[in-house]
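Student: Since the structure of chain A is already known, use the hints to place chain B on it.
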Amino acid sequence: MAHDHGTHTSFRELPMARSMCWHCQSEVTGEYKCGQCVKVQPLSKDLDYFTCMRLPRLLNIQPEKLQSTFYELSRTFHPDFYSNKDDQEQIISLGNSALLNTAYRTLKDPVQRAEYLIRLEAGAVKQIRSNPPADLFDEILELQEDLDEYRSLSQEKNIERIEELRKKLNVSREALEQRQVQMELSLTSKFDEWDTIQIASPESDDARGKKDAVLKEMQEILSDKTYVRNIVNDLIETAD
Amino acid sequence: MAYSEKVIDHYNNPRNMGSFKKEEEGVGTGIVGAPECGDVMKLQIKVENDTIVDAKFKTFGCGSAIASSSLATEWLKGKTVEEAGNIKNTEIVQELNLPPVKIHCSVLAEDAIKSALNDYKKKAEESPKVESVATSS
Chain A
1 MAHDHGTHTS FRELPMARSM CWHCQSEVTG EYKCGQCVKV QPLSKDLDYF
51 TCMRLPRLLN IQPEKLQSTF YELSRTFHPD FYSNKDDQEQ IISLGNSALL
101 NTAYRTLKDP VQRAEYLIRL EAGAVKQIRS NPPADLFDEI LELQEDLDEY
151 RSLSQEKNIE RIEELRKKLN VSREALEQRQ VQMELSLTSK FDEWDTIQIA
201 SPESDDARGK KDAVLKEMQE ILSDKTYVRN IVNDLIETAD
Chain B
1001 MAYSEKVIDH YNNPRNMGSF KKEEEGVGTG IVGAPECGDV MKLQIKVEND
1051 TIVDAKFKTF GCGSAIASSS LATEWLKGKT VEEAGNIKNT EIVQELNLPP
1101 VKIHCSVLAE DAIKSALNDY KKKAEESPKV ESVATSS
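Chains as they are written, first to last, in this note's numbering: chain A, 1 to 240; chain B, 1001 to 1137.
Chain A with its partners taken away, still in its complex shape (with noise of 0.2 angstroms):
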């Protein structure tokens, strides 16, 4: 694969905040910790994700390569190692560490992942306000209907209807649940086109449109995937 960064990976791929030891003013050549007076350094503050977890920008990752990455930095940063240093130091470690946890966490979940690639990438993709699904609200919209009638049947003297009711939004939820995870696949599915994409010409004119129309796909799938959550939590809070 051609973002392979192979097995020999130095310590020395981060950005840092700055260039210099905000301890010793000596030249930060890229260690995490200083040179001369062996400060630890701070991470710079526009480190994307990916390149903290030292991935390429693709959206099919190998969760092994990402938690390693993930451990062997922590070993570097956790503030744990940093309880004896002094206050400057501390805060340093804290504040990699917090990136780290975040970059790990948003990075593991297959959702999360590709909203942040969406975000990452807004730039191109910022008008994707994506039309919306008319059936799909006209659905909610009823079934929300259902709902409000069935809170506010009294127990005592409903019970039939509040049966009928029940089982009609158990129905529902079902097929919902169904389309979730639906959803759920034609969203990983992308994760494949983006990567081709990504994996071949990644800078070409034609790369960014035909990325661009995958990214706005996929927000599309997660915009709908929100809706129907909404309802189905509201679905499963009301008459479970």
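Think of the hints as simulated: they come from the structure by calculation, not from any bench.
Hints should not be assumed to be uniformly reliable.
Unchecked claim - Straight-line C-alpha distance at most 30 angstroms; calculated DSSO-like pairs for lysine-lysine:
id, chain 1, residue 1, chain 2, residue 2
1, B, Lys-1022, A, Lys-225
2, A, Lys-211, A, Lys-108
3, A, Lys-225, B, Lys-1088
4, A, Lys-225, B, Lys-1079
5, A, Lys-225, B, Lys-1056
To be verified - Reference listing, derived: stretches of chain A covered by chain B, where coverage requires no fewer than 3 residues with Cβ under 8 angstroms from a Cβ of chain B:
id, stretch
6, 96-104
7, 213-223
Think of the CB as a built atom: it goes at the ideal place given N, C-alpha and C, for glycine as much as any other residue.
Tutor: Only chain B this time, still in chain A's reference frame:
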């Protein structure tokens, strides 16, 4: 984060909740959603002689979204179609004192108004049998 009194008032006593039949003459329907939070808003207007005589909404979402659409229906009534198109989300933000994180709810309401107006205009063009389809433009 606390909601303003006005939001709470609209939330507890939503004005004009409900719906018209979509096919009904003079009715424009707007259904919009906010992908960020999953809110869904349906806003409908009923137009007679180019004036909005009634408006209804149904919103599935947070308190601010409900309040924004409730307020929007109040404002819509009595306005001409053209005037209605000038309602801005910033006015809703001001009236309801929405915090920055809830501004998108007011945007959603403005989108819903626009969408309902468009639907009405489209319907009016398609069925010019109505006696006075005064689309002032």
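Student: Run the structure past the numbered hints and jot down the numbers of the failing ones, going up.
Tutor: Violated hints (numbers, rising): 4, 6; every other hint is consistent with the structure.
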